[in-house]
Amino acid sequence: MKHSISIFWRDRENHYKLLITKCRNCGKSSYPKLKRCPYCGSTNVEVVESKGRGTLVNYTITYFRVDGSEAMLPKVIGLVKLDEGVKVPAEIVDVPDLSSLKPGLEVEAVLRKYSSDDPHGLIYYGLKFIPSIIKKQ
Amino acid sequence: MSRCCVKTGVVGWGAYIPLYRLRSKEIASLWGFDPNVADSIWIEEKSVASVDEDAITMGWYAAKYALVRGGVNPEDVGAVFVGTESKPYAVKPSSTVIADALGISRKKLATDLEFACRAAAEGIRLAVALVSSGSIKYGLSIGSDTAQASPGDVLELTASSGAVAFLIGPAEESVAVFEGLTTYVTDTPDFWRREGSKYPSHGEGFTGEPAYFHHIISSVTMLLEELGLKPSDFDYAIFHQPNGKFPLQVGRALGFPKEKITPGLVTPWIGNTYNASALLGLAKVLEIAKPGQRILVAPFGSGAGSDAMSLVVTDKVLDRVHKAPTVEELINRKKYVSYAEYAKSRNLILRNVG
Amino acid sequence: MWGDGMLKAYIASVEMLKIDRHYDKSYVDMALEVIDAVLNGVGLTPSELDYIIVSTAFNSLLTHQVGSSYILAQYLGVKNVNVASVEAGEASGAAALDYAASLVKSGKASKVLVVGFEKMSEYPSWIVNREYSKILNYMVEGIKGVTPPDYAAIIMKEYMSKYNVTREDVFKWSVKMHENASKNPYAQLPFKISKDSYVKSLVMSDPITMHDSFPVGDGAAAALIVGDGFTNNAPKELVELVDVESSVNLPLYLREDLTVFEATAKSLSKLTSKHRVSVTKDMALNVYDTYNIYGLITLESLGVAERGKAHEVIDEMPYLNVGGGLKARGHPVGATPLYQLGELYKLMTEGFAGMKYDGEYGIIHSMSGPDNTSWLVLLRRCVR
Ligand SMILES: [Zn+2]
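Going down the list, the sequences are from chains A, B and C.
Numbered by the UniProt record's numbering, the letters in the first sequence go through residues 1 to 137 in order.
Numbered by the UniProt record's numbering, the letters in the second sequence go through residues 1 to 354 in order.
Numbered by the UniProt record's numbering, the letters in the third sequence go through residues 1 to 384 in order.
Hint data in this document are derived by calculation from the structure and do not stem from the laboratory.
All C-beta atoms in this analysis are idealised placements derived from N, C-alpha and C, irrespective of residue type, glycine included.
Hints are not guaranteed to be accurate.
[Said to hold, decoys possible] Facing chain A, a subset of chain B residues (Cβ under 7 angstroms, in silico):
1. 51
2. 52
3. 57
4. 60
5. 88
6. 101
7. 325
8. 331
9. 335
10. 337
11. 340
[What the hints assert, rightly or not] Simulated crosslink set (DSSO-like; lysine-lysine; CA at most 27 angstroms straight-line):
12. 81/A - 157/C
13. 25/B - 92/B
14. 134/C - 183/C
15. 28/A - 157/C
16. 8/C - 25/C
17. 135/A - 87/B
18. 290/B - 25/B
19. 162/C - 111/C
20. 8/C - 28/A
21. 81/A - 113/A
22. 134/C - 35/A
23. 172/C - 8/C
24. 334/B - 102/A
25. 102/A - 335/B
26. 113/A - 25/B
27. 137/B - 51/A
28. 33/A - 134/C
29. 135/A - 335/B
30. 162/C - 81/A
31. 356/C - 281/C
32. 183/C - 195/C
33. 346/C - 8/C
34. 135/A - 290/B
35. 51/A - 316/B
36. 113/A - 135/A
37. 200/C - 309/C
[What the hints assert, rightly or not] From chain C, some residues computed to sit far from chain A (all C-beta separations above 12 angstroms):
38. 149
39. 185
40. 207
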């Protein structure tokens, strides 16, 4: 078992959705769903769901193999700035042309397989990003 | 209007076609088929799901945009059906993952349906029945498959990946209203996959006349009789598309001209997406249809059965088309891969895992 | 009596094992080897120790052993000693030194043995990579498959474009580290590299290559931290473990500026406000450089260089990472700060890598991930 069933299950909302924690104390937004603002420590926070669109801040093409990732390499890993203003770390997939990767690229969140405990275990799903199919108006 | 679908329609639809394409001629060449085999069944290329995609992830995308097009709050969806013959888990529903990931109400029906390529069509019928009975306000039927084919089987030329989702709801919110639905099923062993088998088997020529043609012709004939309509009353006719040829042939047999069939054809460019096959054709037609036009759609599933549905397009369709990626856009978004890359991403290469 | 109290903590001895893939040695073998060297050097028996503090980050993940502190004590044949492990990711060793110094300065203990070790070669690289990646938040980066070199690559790209710094400028760090390591008998990679060897080096996360990153290796180092009473027989030149300070940064994705290490800067301001010490180019400084870009940013965050200019000052820093840094000396994680301590201690006393440092202060910088937590250890030379 690569992952604990209960760890993933308990936190699935954070893997299936892009949840943003907005602080009513300091006004800053953070990621993911948190009980306390990481900037000021306030518990006076509300959680909202991102629309799942954003732009690429920066990225790397990685060949760094971790157990189970071999069929997915090379991967593009990036920081995405959501339209709501918060940055998230994520894998960027389905990039037709690697030369099109650059800061500012419009991306949208998609549900994909993060990993799977082959051949008998669970499949772990979560959000990654693809270059936006519909461009912003 | 038949009693089975009182005041229900398609409120939203969404499609998904993976980015990658494999040319049929490359498959034919690799396995030593006659070079003309791809042309003979009209298949140019097929979509290939990425290594991190499966029926759940593709179904999620289609369902997400069905909700977006419908402008419906996920909390108001009362049923989620996933029609697939490539369930990521043999036991464990796909519908619950998609529903949770989309924030669909926990108070709902959710199940995976299997009837070869027509389970999602039956999902539509179930959703229609639930909506028209007042049991639920909206129901979602998703067809999603990463279709398997044994490497070297002629099936490999067409078996592809894709998804489509239809949000069924009240007629007054619909982009197309159901006029009638009929289903015709028998025990006909044209195509199957045994428990534990990685790839399906089929009866080759037997999949044609006694299976595909007999069942589609039967369901459509029943529908036309029930509604008192004839082929000329329809603006579009969409049939299950195991390849590019069969839908034209069955249309000819039923009296539908080619011009009414080609707008809903997708298989020549993306392959047979199984549960998404004919329904992606319906999505494609909704994206070009004009208010008042009548659409016939007749999915088929091996084993065997066919559903025939008649829909009349409303004026609500116009502003919903571009709220989400269209089938046309998804067909044109593509990147070619080699057979080796396809084999890697579809897990056809034997390697140590786990 | 904490911090500025009457009691002081000193370094009595530091011993290191050459970093390598020691397939023939277990973590116990490695730890006992350096412990024995320390004890024999100062003429103590294991039963005379008050504390054994273990520093290891991955022992439970990679050797399947928890509680290695009492396992080691059992192998040493001691029963009356206090034992515990300290873990703060890649900065575990700095944290262990903090607790050792605190125990001595509080008067609770006068002879504290700190032993750091890491056995990184028990599994193939893809398993080690998976476990190593757990220095990031498993629930966020870990599950998404985002790994430490990915972050180093993103930071390096941001840094190069923000400050108009070239690939070759960043690589100056690696060249200098290898140059230094070539004189360090304990280094894993004791050889020089050319100024463009990154071109042919295997890419980990573009632009980070193997030549931009630390090597994976096994190592162990031990230090004896003692109180005033023990220093009577000590050599003329003594090194005081003055203080340890640390801070925590936001996860990388929540930072406004990716090219500065705020926890490093914060730890420095905590240290300087107490001890009136600043970091200068001629100071003996031993910083974490898991990736060369981190070494550069650390110097800037410590105020030694202007932002984007660290590559211009490293050649003006004769006592910077004299052992070759994590880049070339190696990074047996839990042991690394003890190697840093050993290099500085020897540099300030008997001499190290052909050099001797006569300045008053030396500073060790350690961190986990890209500044997720950063630690500073202040050393002061005192002449009896
Ligand atoms: Zn706040």
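Right, here's what the structure says about each hint:
For the restraint placing residue 51/B at the interface with chain A, the shortest Cβ-Cβ distance is roughly 5 angstroms, inside the 7 angstroms limit, so the hint holds. A cut of 7 angstroms between beta carbons decides the hint on residue 52/B: the least distance to chain A is about 4 angstroms, and the hint holds. Taken as an interface hint, residue 57/B checks out: its beta carbon lies about 5 angstroms from the nearest beta carbon of chain A, inside 7 angstroms. Hint status for residue 60/B relative to chain A: holds, with the closest Cβ pair at about 4 angstroms, below 7 angstroms.
With its C-beta approaching chain A no nearer than about 6 angstroms, residue 88/B sits inside the 7 angstroms limit, and its interface hint holds. Taking 7 angstroms as the C-beta contact cut-off toward chain A, the hint placing residue 101/B at the interface holds, the least distance being around 4 angstroms. The beta carbon of residue 325/B is positioned within 7 angstroms of a beta carbon in chain A (closest approach about 4 angstroms), and the interface hint is therefore held. Here the hint on residue 331/B is broken, as its CB sits about 12 angstroms from the closest CB of chain A, past 7 angstroms.
Because the smallest distance between the Cβ of residue 335/B and any Cβ of chain A comes to about 4 angstroms, under 7 angstroms, the interface hint for this residue holds. A least Cβ separation of about 11 angstroms between residue 337/B and chain A goes past the 7 angstroms threshold, and the interface hint is therefore violated. The beta carbon of residue 340/B is not positioned within 7 angstroms of any beta carbon in chain A (closest approach about 13 angstroms), and the interface hint is therefore violated. Between residue 81/A and residue 157/C the CA atoms are separated by roughly 16 angstroms; this keeps the pair inside 27 angstroms, and the hint holds.
Between residue 25/B and residue 92/B the CA atoms are separated by roughly 37 angstroms; this puts the pair beyond 27 angstroms, and the hint is violated. For the hint linking residue 134/C to residue 183/C, the alpha-carbon distance of about 33 angstroms lies beyond 27 angstroms, and the restraint is violated. For the suggested pair residue 28/A and residue 157/C, the alpha carbons sit about 26 angstroms apart, so the restraint of at most 27 angstroms is met. A hinted pair counts as satisfied when its Cα atoms are at most 27 angstroms apart, and residue 8/C with residue 25/C does not qualify at roughly 36 angstroms.
At most 27 angstroms may separate the alpha-carbon atoms for a hinted pair to count; residue 135/A and residue 87/B exceed this at roughly 32 angstroms. This hinted pair does not check out: residue 290/B and residue 25/B have alpha carbons roughly 36 angstroms apart, beyond 27 angstroms. Annotation: proposed proximity of residue 162/C to residue 111/C is violated, straight-line Cα distance about 48 angstroms (limit 27 angstroms). Our distance criterion of 27 angstroms between C-alpha atoms is broken by residue 8/C and residue 28/A, whose separation comes to about 43 angstroms.
For the hint pairing residue 81/A with residue 113/A, the CA-to-CA distance comes to about 22 angstroms; that is within 27 angstroms, so the pair holds. Using a Cα cut-off of 27 angstroms, the hinted pair residue 134/C and residue 35/A holds, with the two alpha carbons roughly 22 angstroms apart. For the proposed pair residue 172/C and residue 8/C, the alpha carbon gap of about 39 angstroms is over 27 angstroms, so the pair is violated. For the proposed pair residue 334/B and residue 102/A, the alpha carbon gap of about 20 angstroms is at most 27 angstroms, so the pair holds.
Taking the CA atoms of residue 102/A and residue 335/B, the gap is about 19 angstroms. The hint holds against a cut of 27 angstroms. Proximity of residue 113/A to residue 25/B is assessed by CA-CA distance (about 30 angstroms); at most 27 angstroms being required, the pair is judged violated. Between residue 137/B and residue 51/A, the direct Cα distance comes to roughly 24 angstroms. Compliance with the 27 angstroms bound is thereby established for this hinted pair. Proposed proximity of residue 33/A and residue 134/C is supported: the alpha carbons are some 20 angstroms apart, at most 27 angstroms.
Simply put, residue 135/A and residue 335/B have alpha-carbon atoms about 18 angstroms apart, close enough for the 27 angstroms limit, and the pair holds. Straight-line distance between C-alpha atoms of residue 162/C and residue 81/A comes to about 18 angstroms, which keeps the hinted pair within the 27 angstroms bound. Distance hint between residue 356/C and residue 281/C is fulfilled; the C-alpha atoms sit about 16 angstroms from each other, no more than 27 angstroms. Our distance criterion of 27 angstroms between C-alpha atoms is met by residue 183/C and residue 195/C, whose separation comes to about 18 angstroms.
The hinted pair formed by residue 346/C and residue 8/C meets the criterion: a straight-line CA distance of about 20 angstroms does not exceed 27 angstroms. A distance of roughly 25 angstroms separates the Cα atoms of residue 135/A and residue 290/B; the hinted pair therefore holds under the 27 angstroms criterion. Restraint check for residue 51/A and residue 316/B: the C-alpha separation of about 24 angstroms stays at or below 27 angstroms, so the hint holds. The straight-line distance between the Cα atoms of residue 113/A and residue 135/A is roughly 25 angstroms, inside the 27 angstroms bound, and the hint therefore holds.
As the CA atoms of residue 200/C and residue 309/C are separated by approximately 26 angstroms, the hinted pair is consistent with the 27 angstroms bound. A Cβ of chain A approaches the Cβ of residue 149/C within 12 angstroms, the least distance being about 5 angstroms, so the stated non-interface status is violated. The Cβ of residue 185/C lies farther than 12 angstroms from every Cβ of chain A, with a closest approach of about 30 angstroms, so its non-interface assignment holds. Consistency note on residue 207/C: stated as away from chain A, yet its beta-carbon is not over 12 angstroms from all of that chain's, at 8 angstroms minimum.
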